[in-house]
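Protein chains in written order, with numbering that gives the first Met the number 0: chain U, 0 to 409; chain G, 0 to 409; chain B, 0 to 409; chain A, 0 to 409.
It is possible that some hints are incorrect.
Anything over 12 Å on all C-beta distances counts as not near chain G; from chain A, calculated [said to hold, decoys possible]: (1) Gln11; (2) Asn28; (3) Ala35; (4) Gly67; (5) Ala109; (6) Leu159; (7) Leu198; (8) Asn201; (9) Gln306; (10) Phe371; (11) Leu384; (12) Glu385; (13) Arg386.
Quick list of simulated restraints, FRET-style, between CB atoms [unchecked claim]: (14) B:Leu305 / U:Lys18: 40 to 50 Å; (15) B:Asp352 / U:Ala139: 31 to 41 Å; (16) A:Glu182 / U:Ala398: 26 to 36 Å.
Please keep in mind that the hints were generated in silico from the structure rather than gathered at the bench. Nothing here was measured: the structure is a model prediction, and the numbers come from that model. Virtual Cβ for every residue (Gly too), placed ideally from N, Cα, C.
There are 4 protein chains.
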Amino acid sequence: MFEDVQESVREQQYGIAAKLLKSRGVDINEVKSKLAALKIEVPSWGFSRAGTRFAVYTDGTEPQTIEGRIAAAGLCHKLTGATPSVALAIPRDGEDCDLLQKLLSANGLAAGAINSDSFNPRQSPLDYRLRWGSLTNPIAEVRRAALQHHLDCVQVMCKLGSRNFSLWLHDGTNSAGQLSLFEQGRLLEESLRQLYAALTGNQQIFIEYKFFEPGFYATAIADWGWAYALAQKLGDRAKVLVDMGHHPLGTNIEQIVANLQMLGKLGGFHFNDKKYADDDLATGSVDPFQLFRIFNVLVEADLSGLQPIGDVAFMIDESHCLKDPLEEMIEAVDNIQRAYVLALSVDRRTWEDAQTKVDPELGDQILKNAFFDTPANAILQTSRLERGLPADPITECRARSSKQRGQSAG
Amino acid sequence: MFEDVQESVREQQYGIAAKLLKSRGVDINEVKSKLAALKIEVPSWGFSRAGTRFAVYTDGTEPQTIEGRIAAAGLCHKLTGATPSVALAIPRDGEDCDLLQKLLSANGLAAGAINSDSFNPRQSPLDYRLRWGSLTNPIAEVRRAALQHHLDCVQVMCKLGSRNFSLWLHDGTNSAGQLSLFEQGRLLEESLRQLYAALTGNQQIFIEYKFFEPGFYATAIADWGWAYALAQKLGDRAKVLVDMGHHPLGTNIEQIVANLQMLGKLGGFHFNDKKYADDDLATGSVDPFQLFRIFNVLVEADLSGLQPIGDVAFMIDESHCLKDPLEEMIEAVDNIQRAYVLALSVDRRTWEDAQTKVDPELGDQILKNAFFDTPANAILQTSRLERGLPADPITECRARSSKQRGQSAG
Amino acid sequence: MFEDVQESVREQQYGIAAKLLKSRGVDINEVKSKLAALKIEVPSWGFSRAGTRFAVYTDGTEPQTIEGRIAAAGLCHKLTGATPSVALAIPRDGEDCDLLQKLLSANGLAAGAINSDSFNPRQSPLDYRLRWGSLTNPIAEVRRAALQHHLDCVQVMCKLGSRNFSLWLHDGTNSAGQLSLFEQGRLLEESLRQLYAALTGNQQIFIEYKFFEPGFYATAIADWGWAYALAQKLGDRAKVLVDMGHHPLGTNIEQIVANLQMLGKLGGFHFNDKKYADDDLATGSVDPFQLFRIFNVLVEADLSGLQPIGDVAFMIDESHCLKDPLEEMIEAVDNIQRAYVLALSVDRRTWEDAQTKVDPELGDQILKNAFFDTPANAILQTSRLERGLPADPITECRARSSKQRGQSAG
Amino acid sequence: MFEDVQESVREQQYGIAAKLLKSRGVDINEVKSKLAALKIEVPSWGFSRAGTRFAVYTDGTEPQTIEGRIAAAGLCHKLTGATPSVALAIPRDGEDCDLLQKLLSANGLAAGAINSDSFNPRQSPLDYRLRWGSLTNPIAEVRRAALQHHLDCVQVMCKLGSRNFSLWLHDGTNSAGQLSLFEQGRLLEESLRQLYAALTGNQQIFIEYKFFEPGFYATAIADWGWAYALAQKLGDRAKVLVDMGHHPLGTNIEQIVANLQMLGKLGGFHFNDKKYADDDLATGSVDPFQLFRIFNVLVEADLSGLQPIGDVAFMIDESHCLKDPLEEMIEAVDNIQRAYVLALSVDRRTWEDAQTKVDPELGDQILKNAFFDTPANAILQTSRLERGLPADPITECRARSSKQRGQSAG
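Isolated chain U (complex conformation):
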């Protein structure tokens, strides 16, 4: 939080927090132990400099190689203690699994979800015709090559011991005349069935949906409804991935989360934030109250036994265009942790009473109390210090990261 808070102030605030939480029926030690158990996955690509379709402005400090990206992820985990796995993008991160495994191990990390960059040509027939899609490409040769690339990603999973396949397709059309929606649907289902059949062991596939972009008329999987329908057709290994930025403006995302949990199909998240479209800003930076509401749903599902929070994959997926990528990644981790702590701080018994009595004013005040009147930083920082971590990882990062990254990055 970049703030020069004296240690004595933090201790005072922590003492207040313990009292407040107790009055809400919450044990602060349990909050800290749940917080310590929250694992957040960081994407290798998030440590590079991202840009927009207009320009990418690199300043030379960004890691250019897989070595640099994984080293940055390692530093992120050292500073936060919260990001033990790295999502990889294939082929962007290379396909030398031995090298990848070596780099991960050297940085104390594990392989996270494998993301098939469907838009990124690798297989030989994957030329400019990838413009027309990957798994839904109307040209059989290109479609087969795209499928093969996805099957290769499953092999990468096997070699790296990765459990989750994050499937986001760039497939979509730009006009109604381009492709029949039925044909688009048929090709998608056919390809997905073949991909699904290749999964083994405890592997699972997360189907991501997106309202638009890069397709500007009809994306192949435009909303959670279609992702859910596909996941259900495929079977138990298939779940739905919620990317925060992939919804129409105004969408009640926490309701989609709750729905998917009730249907047994919530796989996890691609965390980021948005003000307009798929802005890919730092998670919780635009609408922190929404992030809190989402965790409020997840905590409720955890407490009721519907879905343990440990079964949900929390993955960050942001585009770091302006700020330092590593710092913005840590900002996101911090925001996610805060939202979780605040959701854990809700006085649930009183809230349930308020609901039963249909007293929404009271119900809202209870959520507001948790959000606005919980000294979350004191809890977060105390928890970090107790685990031997820096209280404020961004400040620590500023002190250490340039040197660290200078040594490892390519």
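On the provided structure of chain U, position chains G, B and A as indicated by the hints.
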């Protein structure tokens, strides 16, 4: 179309239309016979004056009674030959089934879908507490009464020989603290299962979804995904109803339609148009090209045998705030018919070729040719005249309706 | 905040707050004195039960008369010490100025802005034809009567000593064919010039804009750009009123506020919150971080001397459909006060440094510190207690309001 | 239109068109002469292959050099007779004005608007720090260099005889903490004043606004209101540029156009179409009825003398990601021409009557008649043939373009 087109011009245009359609592989006689088979259901409430939350401006010409509304529906059918059934709202239209049946018969009409006005108190315990919802109301007594009202609606269906139950609930919350999303979901599913169990014969239930309003935080069924999941849980009698105005801005509605058809769950439509939210404007009046694209999807599904167009329920649901209700209803019917004729006029063989060759420029030109270069009015008017109907039903309505409505309205 | 915080905890938190603020270069006493100076205007209609176009669910406890509404406003001011004036709607609140003045005085209140309910017929020729608009009505007779109603409102201002005319028109069209946009613009400007000419003394007019509703094609004043252009044409007495709910989704409202301040044309606010459209929910209840950002802008303008915050009219305009109207009004006041306190708690010197050094990560952390790590409730409650007000006005309201309202309401 | 229409059919349709238009008080010869006078400017970048932030899929047929792009523009003008000028982007198109002039002349073209690609580094200090903006960059050195680049563009205008400066800035922020909105506004105004002062002769500057992207929190000029306010401050040479894709969803663009015309500040258009955000699809391809409504406004302003249509700059600005760039450009030209012809075909006298009588049903039918019942292709094609142009420029392009482009492109 209000236009003083000479008969000779229409004949010329019709001749051109026949040639153009033939060149696209389409038989104009088949178009006319399909058009004649298209049945559009009109809602009783659409003949009343509607308003906004600010005001309802009645001018005294609007039907005030069920007699007047059904008489207006009868006139609509006489003028268009296309609207043989009337959707009824219970309890707004009363529950005297004998009277309703008599009125319908007297006007040459059949009972269409039954709409339970969930927000409209009728059962004794349905007082202001209906504010908190109907089938998801947290107060058991109110929830039971609301369910009973829905079961009563099934009885009305039985008595009137109505096949379809249109289920739109006003249920929703205005803040996150009001009600747990899981509890909202649980209550909804529980109530729906009881309602579903009451259906008999060939009855089916159409589950409608809505992005927002009157709930401003979380509507009980906010999108097609949740409506589909519920319909699937309930069984074969349950399908999804697509109301044009109930989506976030930008939503690709025709893709939702195609998805539901591929999933075997498209029940039908509530037709209207929107520019901003649930504006309930005349169907096809804001974005006629979207309406055309929807019919393009429906025609493709019909031709491929996926879902015969006759299995889709076409129902109008508009709010007639400014224009004359009957005239605006006929405007909607006219727009729907035109969109259907234009979709039937697509050169499908060439379009399929264009898709196979991945030639989107050609594909789009084919749709544009159908939309912009088909003399649809000549086809529409010729078809009407051949069936003994007025060529231009709104003009005819102006000549006749005031007298007609004066005689029948209450 | 409905929370049973022990007095000792509040004192501890207040002490921490003082230290934190000091470390940010902020004097907590100055924060409290600015907070005490913040005046928020409440609308008489906000104490009634509101509804949607579907239904209004009254439970009998809502004030039915102007006496009851003003008594509720009086109680609101007693409990919060922050709402000394009441916005009135004419003709809804009646036009007996002597009575209004007597009621206001009896409750320790002053007349706030006068709102001409343009959609509400009063003048004799204002019949159903008001459907076509008020000051832009194409029918000269209706337009003149609507103008006369607005001129009468100026007379009410004179009699009650009200300074501000809040102009929101229901005028708008539902289709492109209804009225030429140029004619709509011409009629509007012509009417506004006549209304403007009637202002005297220190009176000013606030021009409100709205994206849509009740017009669903083109509202007469759809955005701040047109409101600004009109205000500029009219003269110095005309300013722009920002209603939070009247923007397209995603709109950066604080930027509009800053723009209007730079142009010297920010009149004030109609505060509420929205998730979808003009939801009229409690201010700050959906997106509290947005409300904070808006106050952050206002505080910056105040500190820089661009526009003293005391020159901005802070008015609440919400629809209380579900919660108790008085309680929800107090919730809004509390949220506005908190946002102001948080904005006053920003470490501005460090933030300016961060901007100069183009260090957005630091800049964002500073805002986040203010938002998440300021014990705002302790400041709010201490300030209230020091002024002899209840620490938690909603809890106090629950204890007192039913009795109080029972005595005064009609 | 790619349709094999027999010549005799076109002649018949043209005859019908003449009769229909006459019945609406419109002379078909005047329509054709107005159509012939409509000049549409094409952008050099629109003949290249565009992409998204994910990928650009070139197939090798796209022009890679300025020679190729201007040759393609030349072919576009040969085929349509409607695009005599080319908008240039500096520095993308190079700054060798002699070469540019030579290429333009050789292809029968003139220089159109000069677009300063603010995001594109050229001046030496314009390195990665351009990330923070151009004319609003907080770093004085970078800001000055960006201003110098803009002043250089004015020199290019002078040399090429270009009249219009199209100003679209990539400036904007990604978070509230990055930069004060007031400072952003101050820097912008200061820079613009310097740029404005450099204009000479009949030069004018068009200020473009954009809702978002690449800035995802606050773009420097986010809406027409701010663009208008700036244009007004600057003076008569400054006008506003309306890019179709730069508005929030649902925005009534034609109303903004009418507003700007009433304020004397409409400079022109960047034509494209959108379904979601700044999709940059072919003009009129997603919502052709909106394009018609816009031209309906422009025609009304032309007829009333408010702003001659010849004073409006019609410029295409699209991203051709999937279709052949030249073909999609011609598609856009065709759609714009059709919209203009349809708007010219409105029965204005009857429409004015309908407005005066407040008969919106009739008013809408009149617009619908023009849109749906005018044989526009017959008029378009006849007009083209009479001017020695191919009836269907895309078909002709397919026959000729590959050869033509093969000869000229680099």
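Could you work out which of the previously given hints the structure breaks and list their numbers from low to high?
Violated: hints 1, 10, 15.
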